[in-house]
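There are 2 protein chains.
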Amino acid sequence: MARVPEVSSRGKAMPASPIRKLHSLCVAAQNEGVHVFHLNIGQPDIESPVELLRGYREFSDSVLPYGPSAGLPAYLKKLIIYYERWGIPLSERDILVTTGGSEAIILTLMAVADPGDEIIIPEPFYTNYNGFAMMAGLTVKPLTTRLEDNFALPPLDQLEALVGPRTRAIVLCSPGNPTGAVFTREELDGVADIARRRGVFVIADEVYREFVYDGKKHVSILDLPGMDEHAVMVDSISKRYSACGARIGCIVSRNSGFMNSILRFGQARLCPPTVDQIAAAAAVDTPPEYFERVIEEYDCRRRLLHQRLLGMGVDCKLPGGAFYMVARLPVADADHFAAWLLTDHRHEGTTVMIAPANGFYATPGLGQSEARLAYVLNCGDIDRAMDSLAAGLEAYGSTMGAHGR
Amino acid sequence: MARVPEVSSRGKAMPASPIRKLHSLCVAAQNEGVHVFHLNIGQPDIESPVELLRGYREFSDSVLPYGPSAGLPAYLKKLIIYYERWGIPLSERDILVTTGGSEAIILTLMAVADPGDEIIIPEPFYTNYNGFAMMAGLTVKPLTTRLEDNFALPPLDQLEALVGPRTRAIVLCSPGNPTGAVFTREELDGVADIARRRGVFVIADEVYREFVYDGKKHVSILDLPGMDEHAVMVDSISKRYSACGARIGCIVSRNSGFMNSILRFGQARLCPPTVDQIAAAAAVDTPPEYFERVIEEYDCRRRLLHQRLLGMGVDCKLPGGAFYMVARLPVADADHFAAWLLTDHRHEGTTVMIAPANGFYATPGLGQSEARLAYVLNCGDIDRAMDSLAAGLEAYGSTMGAHGR
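Protein sequence lines correspond, in order, to chains E and L. Take any residue in the first sequence, note its place counting from 1, add 7, and you have its number in our numbering. Take any residue in the second sequence, note its place counting from 1, add 7, and you have its number in our numbering.
Just so you know, not all the hints are guaranteed correct.
Since the list gives no way to pick out one identical chain from another, each pair is judged satisfied if it fits inside one copy or across any two copies.
To be verified - Calculated cross-link-like contacts (lysine to aspartate or glutamate; reagent style DMTMM-like; alpha-carbon spacing at most 25 Å):
| hint | residue 1 | residue 2 |
| --- | --- | --- |
| 1 | Lys19 | Asp121 |
| 2 | Lys148 | Asp121 |
| 3 | Lys19 | Glu125 |
| 4 | Lys148 | Asp200 |
No lab work stands behind these hints: they were computed from the structure.
Take these sequences, add in the hints, and give me the full structure.
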């Protein structure tokens with residue numbers, strides 16, 4: 008008699024993506040002919056730079072070989088030029104190219120922490136950090152930030168109180184997904200001070216570096232003095248060049264022991280994809296005007312989305328960066344509302360897909376009324392999406408009222 | 008006073024790749040103008056099919072977006088056609104496309120086992136399984152196979168004796184890296200019987216499916232009856248299409264609970280690279296004549312390498328598949344010899360790079376005199392490489408003799 012094996016505990020506990028879990032409801036709506044406005048996923052509609060797209064045509068060898076585990080030397084050279092523009096001097100040994108920012112975070116977590124160890128992350132945070140922590144066997148200790156403060160870091164003593172004997176790292180994402188919050192140099196200095204005193208790493212996810220508004224400038228963890236042994240920066244070209252499908256990221260640190268370990272993890276998985284690295288190298292030549300246009304466009308969307316949400320009585324603040332906003336909707340259960348939008352709501356043949364925010368919190372019960380909205384549609388579509396959302400909120404309110412919710 | 012954080016225990020213990028660890032010595036030799044014959048790495052010199060290379064030029068959209076976490080639907084359809092040719096009927100939900108075979112194995116191990124669990128692997132085995140097990144927090148229990156038996160599986164009671172309460176899976180690689188061994192249907196049936204009775208998964212790495220010689224045919228774990236709940240197959244296009252740099256692999260299983268878990272792991276890392284999947288889909292149209300030529304070429308190399316090694320008194324058997332061979336060299340320490348070849352040995356301006364085999368064993372002390380040789384050079388180069396190796400063995404013998412080793 009056959010005994011059927013079961014998946015592992017982590018395989019059972021692994022969370023479904025709250026960003027992707029409504030996918031089947033979306034497909035069903037689309038099959039009905041409904042136009043779904045996608046505000047749920049950080050997939051920019053902005054055109055990729057021609058430099059990147061042309062880069063994919065540069066490969067002309069007759070064999071497509073493995074590259075070095077740390078990345079193609081030609082791409083590493085280009086990355087050094089890219090970071091130099093941001094005032095961050097690096098050498099090749101400080102960088103390992105990864106398969107997207109996802110692999111950068113997974114490998115970094117494995118290299119700094121063992122199963123049972125803890126990492127501290129301000130919440131709400133990029134929901135896949137939960138999955139990465141589960142893969143690595145780590146516990147997430149959340150540091151709660153609040154919509155009322157526009158998701159700025161709380162007083163530093165709250166952060167330091169979370170640092171325990173098994174804490175190995177503080178993970179930051181600025182400009183932030185899902186909040187759009189941009190941490191100031193003072194906030195980062197405060198975190199760095201705790202990291203140095205308590206002997207923990209700071210892992211900074213800086214994939215939205217380019218997307219900062221209101222004339223402010225991104226501050227990198229690698230900019231801060233005295234942090235060479237503590238700072239790890241993870242990066243990706245997905246958002247920068249609107250190239251999420253390229254799956255090219257990197258890990259950057261001046262801590263040579265850490266980078267030596269990361270290289271051995273990198274050797275196990277052999278190398279990141281070769282042709283995508285060639286395209287990514289070409290994309291470093293994207294002219295500044297490309298980013299000026301893109302940032303102007305996102306800025307316009309950001310203001311429009313913010314004003315339209317305020318206009319329908321939704322609680323939200325103008326975010327300082329990235330292309331997301333966490334809004335508190337006038338509903339008790341944003342999960343239910345997000346599903347209802349796809350299954351029941353139709354406004355002039357359209358509906359809206361949003362990401363319920365509870366999946367971005369580690370503290371149970373937080374974010375039940377909140378949703379992440381990604382402004383990855385042009386202003387005309389955002390306007391139409393907001394018309395649809397406003398109608399949806401009104402209809403949902405009366406429906407739910409009628410059902411006693 | 009700053010406290011410097013340390014890397015994790017697994018970050019310290021993570022093994023350097025025995026295949027790649029001699030890289031710096033190789034670069035130094037090349038900088039001296041020495042021609043290094045690479046027998047150390049499974050990077051085929053065979054040209055990639057034009058279908059694949061042209062596939063990279065098919066992408067013509069203006070945005071490079073995320074794909075679905077399970078893979079592009081168009082590629083999944085092509086994979087079903089590919090496996091159908093091998094007599095393996097599948098549906099789309101049985102497949103998740105991965106970033107190379109490496110990611111396929113890592114995600115599979117995480118989905119079947121928790122930290123502290125065990126997996127059984129016949130040794131010598133593909134050395135990176137060690138790294139993947141370490142990432143996942145698993146212990147490898149090796150089942151030793153021997154050169155004398157041409158690395159066939161030992162009697163099944165030896166395998167069953169290794170199955171304990173924490174054993175979650177048996178990992179097989181056939182055709183095998185590093186041994187070239189091809190397991191028979193009888194051997195696989197025996198393993199399957201144990202897996203069913205003991206309730207453990209069988210994870211079969213079948214990336215060398217095409218490369219079987221002497222008129223034999225590869226047997227897939229998915230071919231065996233009664234194994235739908237137990238069998239997981241991991242695959243990659245790296246060797247099939249000589250496309251190691253594409254980083255496209257997949258996980259295949261008819262166990263729906265397992266595939267559901269794998270999809271959630273897959274969602275965390277978002278998706279495999281988009282353009283590489285388009286190229287991989289195009290490559291499924293590679294005509295059978297391509298493989299006939301390639302297999303004829305490898306077969307010729309295999310016989311030549313085997314004869315030349317026997318001719319210089321090296322102990323080895325003719326392998327039945329893949330493009331590797333494990334040979335026992337007349338040296339006490341193949342690690343030292345492999346380094347010496349790069350640093351000290353010059354034969355008509357050439358030397359040879361080999362992979363010491365001790366890194367392919369989990370049992371300490373095994374494989375000290377053995378090396379893996381990959382026949383990824385054309386016959387002329389294999390002949391010249393063997394001239395250089397023969398001269399090296401002779402010189403090393405007298406040098407080491409003189410030094411009392």
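Right, here's what the structure says about each hint:
1. Lys19 <-> Asp121: So Lys19 and Asp121 pass the 25 Å test inside a copy (20 Å) and across (11 Å) alike.
2. Lys148 <-> Asp121: So Lys148 and Asp121 pass the 25 Å test inside a copy (15 Å) and across (21 Å) alike.
3. Lys19 <-> Glu125: both (21 Å within a copy, 18 Å between copies)
4. Lys148 <-> Asp200: within (19 Å within a copy, 44 Å between copies)
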